[in-house]
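Chemist: One-letter residues, chain by chain:
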Amino acid sequence: MNKKELKRVDIIFDCANCEPLEIVKKALAMKPDEIIDQIISSGLKGRGGAGFPTGLKWKLAKEEKSDTKYVICNADEGEPGTFKDREILDVVPSKVLVGMCICAYAIGAKEGFVYLRNEYNFLLKDLIPLIEKFNKNIQKLGLDFHIKVFSGSGAYICGEESALFESMEGKRGEPRNKPPYPTKVGYNGKPTVINNVETLVYCTMIVRIGVEPFKKLGTNDSRGSKVFSVSGDTSKAGIYELELGVGVDEFVNEFGNGDTKAVQVGGASGHCVPRKDFKNKIIGFEGIPTGGSMMIFNSSRSMYNVLKDYLEFFEEESCGQCTPCRVGTQQLLKGIEAVKHGEKPSSYLNQLLKLTETMRVASKCGLGQSVHNSFSSIVKNFREEMIY
Amino acid sequence: MVQTENLIQELIKKHGNKRTSLLPILQDVVERERYLSEYAMVEVAKALDVSSAEVYGTASFYTFLYTKPMGKNIIRVCKTISCKMAGKEELVKALEKVLKIKMGETTRDMQFSLTESNCLGWCHKGPVMLINDTVYTEITPEKAVEVICAIDPKHLTNL
Amino acid sequence: MSKINLTIDNKKVSIEKGKTILDAAKKINVHIPTLCHHEDLCVAGNCRVCVVEVEGQKVLSASCAIPAEEGMVIKTNTPKVRNARKDIVALLVSEHNTQCTTCYRSMNCELQELSAEYNIDNNRYLSVLKPNIEIDRSSWSIEKDDSKCVRCQRCVRTCAELQHVNALTVSGKGKAMKISTFMDLPLNEAVCTNCGQCVIHCPTGALTERRYYDRVWEAIGDEKKHVVMNTAPSVRVAIGEMLGYPVGSRVTGKMVTAMKRMGVDSVLDTDFTADLTIIEEGNELLQRLKKALVDKDASIKLPMITSCSPGWVKFIEHIFPEHLGHLSTCKSPQQMFGALSKTYYAEKKGIDPKDIVSVAIMPCAAKKFEARRPEMKDSGYRDIDAGLTTRELGHMIKQAGLNFSDLEDGTFDSIMGESTGAGVLFGATGGVMEAALRTAYEVVTGREVPFDNLNILPVRGMEGIKDAAIKIEGCLPEWSFLEGVELKVAVAHGLINARQIMDQVAAGESPYHFIEVMACPGGCIGGGGQPIPTNEEIRLKRAAAIYEEDMGMPMRKSHENPEIIKIYKEFLKEPLGHVSHQLLHTTYKKRNHY
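Protein chains in written order, with the numbering used here: chain D, 1 to 388; chain G, 1001 to 1159; chain A, 2001 to 2594.
Treat the hints with care, since some could be wrong.
[Unchecked claim] With a Cα cut of at most 27 Å, we get these calculated DSSO-like pairs of lysine-lysine:
hint : chain 1 : residue 1 : chain 2 : residue 2
1    : D       : 334       : A       : 2224
2    : G       : 1084      : D       : 340
3    : G       : 1046      : A       : 2590
4    : D       : 140       : G       : 1014
5    : D       : 308       : A       : 2130
6    : A       : 2488      : A       : 2290
7    : G       : 1084      : D       : 334
8    : A       : 2290      : D       : 340
9    : D       : 125       : D       : 148
10   : A       : 2178      : G       : 1046
11   : G       : 1014      : D       : 171
12   : D       : 190       : G       : 1018
13   : A       : 2058      : D       : 380
14   : D       : 178       : A       : 2398
15   : A       : 2398      : A       : 2541
16   : A       : 2377      : D       : 334
17   : A       : 2019      : D       : 62
18   : A       : 2058      : D       : 184
19   : D       : 215       : D       : 31
20   : G       : 1046      : D       : 133
21   : D       : 7         : G       : 1125
22   : A       : 2488      : G       : 1068
23   : A       : 2541      : D       : 354
24   : D       : 65        : A       : 2017
25   : D       : 354       : A       : 2488
26   : A       : 2178      : D       : 171
27   : D       : 65        : A       : 2003
28   : D       : 279       : D       : 140
29   : D       : 276       : D       : 354
30   : G       : 1018      : D       : 184
31   : D       : 65        : D       : 26
32   : D       : 178       : A       : 2019
33   : D       : 136       : D       : 171
34   : A       : 2026      : A       : 2058
35   : D       : 3         : D       : 276
36   : D       : 4         : D       : 236
37   : A       : 2011      : A       : 2086
[What the hints assert, rightly or not] Okay, the calculated bits of chain G under chain A, using three or more residues with CB under 8 Å as the criterion:
hint : stretch
38   : 1032–1044
39   : 1047–1056
40   : 1119–1128
No wet-lab data here; the hints were simulated from the structure. On a predicted model such as this, the values are computed, not experimentally measured, just so you know. Note that the Cβ used here is the ideal one computed from N, Cα and C, for glycine as well.
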């Protein structure tokens, strides 16, 4: 295991020598294929949580023959414990817009959207004028690309790419069947690149500073650095950009309060790492992946309450269309309550673990498929807290 | 009624009358009329040439497209785990006391609605609440009461 | 069309590009269970019952939704697949009102079948069925019981893409997700046409017809009551499906005997009033043509459109109320029958109409609503006391303990039991048009329609909108104004096609003189009251049976029916006359569009 020491990095929020339009000009002086090769070579993977290779996504969209293509920035950050995209959009929004621009140029898109969750409406006061100004400036640079904002209406599932497209198309945010994938059939049925806020900023910075400074960070499977949002039982709650591949033990040493019982890596859809596993888990795509959410729990916290909170979240936010997720989330919540209150024996937890396996393999989208992560890691590691 | 009709016409001019215009239009109706009335949804259905059932089905999916009348100030208290750990329950109790309503209800003068929301994205500064689009972080029960009374001094009498 | 080669359960199969894994499996007779999938509807892929293993994929794929790809290796029956499927069915059962013993769809329920196949019992999971779910019985035609809903959304897709009425939608999300109407209004307040297509596409007992057979049993058991039953043409070519016969079987004789054995006092035929409708409506069309072409009366609405489909009538009342003038003023055969049963029939038989219980057996859900329309009381009593579906009659026959296949063939009683092949045709899309043309053409020219065996093929078949043009030449003197006129007719079935027709009419661009519209795909043989399941193959077979039945009738033109000739001579006097207007014609009502 390629464990790294905790290292703070400053690529995302660094504003020195970072004139947005200069970066756009630099990109426009390259060929689209060159840009895509750079992104592929950097090893950048999606920073929203799914971790799909960004360069490959751009390449697939570029290869589609269509007059209409779209670039969408997924700013529907809703995973519990994640607040890094909000910070990025507040502090370095231009870098996000530049990233969209570079992508549009690379794949041949003329329209871009920032899908911003409704709960972040307070950002619009500054974001909209910024985008208007930006649109004018890039027109002057000769790029036919125009960005608009689309506001969410309160649905966590709309952070899922195909549900996001449905929402933009004026429908219920119900995830679609895949394949076909967004690079082939996305918004309005057209080839679409949809990237997380943070991913787009990394694309901007890779064009700005080159591949090597990014590539030399992280591990083979988790190149580069990532922004984490840390909360919970810590005196250092906040936003931190760290090199990927850091061991959980290093993380806890830095951010824990000396009494850390567990770290939830990746929010409600993520994994719970118990104290005994801190030293043999790393934070990265080959270890424990995350979209950025890092929640720290000390020994006073009931992991039953934590799991219950996550299940209530999923039960409410599930779109409801597919059986394993709609009914499964209800069964899991009702099930752990029954075991906790002695209405069902503790062996029923095994039945529920099997259910999460069914949800993992049979649900229509990532929401249902990910419930298994937190459920199994919490129940297996804190079983004694689940029973009567 | 005429007011709603005019509003919809205005919003069609602003957002267009395609299906892709539906959510922006509904958001703006909620912004102005504080909810989607049956009448408003029918007018939107007419303008977009879709059935009223489709408008309702779509609106009901989204938490913030209310189909019941809401107050002028919609309070959203984050109920996810980090904010729970930071004291969200005490905050809710204080709000319920000063507003004299229970979670999920609206004051009779239609000034405040008290609702719960899932993760609002301020986990490092909980507990947090939104009142319409304004965010209040690290909000203690006392500060929350101050905020309410600053918006509507009549609630000072509930202290 | 390029072919894709893949392997399913170690068997190789080749299929056109664009088809799904499920299509490929069907081709080689590999059975994959499904639930939200239906041949009539677009793909949903949400129930997840049809999941299969695709080599190389970490998660299972919904075979109904995923396109087949070159080189795919599929396994449909591994332990992983079986466990997932069993769990999914168990989850559906945990969300379900499992009182199968009292459920109308028991023994014909897709969830029940899956549960039996996978040995699901109630003890695997806790029940998450919401308590106190109220059954919506507000509509005269359709009953909605959310406690039996598996949320497959077939009904929503049916109402949206098959019928384009969009009365049903999905509301809420997560555990609050349910099938709903606008504002969750009761069905009788929604813009619902009562066509019942949602009912025949529903896999469980969540959507059923309102049932009235208990009242009919009561009336049959009441010696003071004289129960008259009339059956629509579509019933006789479909009811066999519920009683052990293959699809497309004609069981007219046995059906009549069964009804008599059940204790019905008089078993009569709606086809009689279908013939009557042709006379009235045919004359109405000719009158309109005369007023339009000769008198140049601008108030005359052409095209004239048929009015025997109550689902279609409610549709136009809601959606195109300004164009109600295009509808024929003729009642449907069911309602004509009802009005006559308590006047003409009562008089001839010497029975006090207040003791007559007039029951109609229909392939239709909307006819229940039609029977209760306030204006349907021209006889002085409620003209039709109860409208039952083919399915309800099937249940009654079973309840009567009859061994259907052993019954001898019976014949309809008289009066109002005699019919022609033209009357039978009403069951299939294009049938009313064909019947009308057989009579109208002969009335105007004195000759039979110029089609082999009187079979007007251009108006037959399952195409959504069919049209034809017939040149009228060699007219009889009184019809000389039609000499050389090319009569343009159209036939539409399924409300999505009705809407298309009406959009053209509303724009003033309709080139037709006469249009037949049926609310249900396939016409009445595909109606909302017919045996379940339904699909195109089934509808084609039932339609073929209708045409066979027509060919087998001794008379094939409505105006040849001796009972029809008699009723005019002795009672109605003349088509569109005073008595006809009183009993056989009706008015329509403007309804809310949204």
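Chemist: With reference to the structure, classify each hint as holding or not holding.
Modeler: Here is how each hint holds up against the structure:
no., hint, result
1, 334(D) to 2224(A), "violated, 57 Å"
2, 1084(G) to 340(D), "holds, 20 Å"
3, 1046(G) to 2590(A), "holds, 17 Å"
4, 140(D) to 1014(G), "holds, 26 Å"
5, 308(D) to 2130(A), "holds, 20 Å"
6, 2488(A) to 2290(A), "holds, 15 Å"
7, 1084(G) to 334(D), "holds, 20 Å"
8, 2290(A) to 340(D), "violated, 82 Å"
9, 125(D) to 148(D), "holds, 14 Å"
10, 2178(A) to 1046(G), "holds, 24 Å"
11, 1014(G) to 171(D), "holds, 19 Å"
12, 190(D) to 1018(G), "holds, 17 Å"
13, 2058(A) to 380(D), "holds, 22 Å"
14, 178(D) to 2398(A), "violated, 47 Å"
15, 2398(A) to 2541(A), "holds, 24 Å"
16, 2377(A) to 334(D), "violated, 55 Å"
17, 2019(A) to 62(D), "holds, 26 Å"
18, 2058(A) to 184(D), "holds, 22 Å"
19, 215(D) to 31(D), "holds, 21 Å"
20, 1046(G) to 133(D), "violated, 36 Å"
21, 7(D) to 1125(G), "holds, 24 Å"
22, 2488(A) to 1068(G), "violated, 52 Å"
23, 2541(A) to 354(D), "violated, 46 Å"
24, 65(D) to 2017(A), "holds, 19 Å"
25, 354(D) to 2488(A), "violated, 65 Å"
26, 2178(A) to 171(D), "holds, 16 Å"
27, 65(D) to 2003(A), "holds, 22 Å"
28, 279(D) to 140(D), "violated, 53 Å"
29, 276(D) to 354(D), "holds, 24 Å"
30, 1018(G) to 184(D), "holds, 23 Å"
31, 65(D) to 26(D), "holds, 26 Å"
32, 178(D) to 2019(A), "holds, 14 Å"
33, 136(D) to 171(D), "violated, 31 Å"
34, 2026(A) to 2058(A), "holds, 24 Å"
35, 3(D) to 276(D), "holds, 17 Å"
36, 4(D) to 236(D), "holds, 20 Å"
37, 2011(A) to 2086(A), "holds, 24 Å"
38, 1032–1044, "holds (count 3)"
39, 1047–1056, "holds (count 7)"
40, 1119–1128, "violated (count 0)"
In summary, the structure is inconsistent with hints 1, 8, 14, 16, 20, 22, 23, 25, 28, 33 and 40 from the numbered list given earlier, while agreeing with the others.
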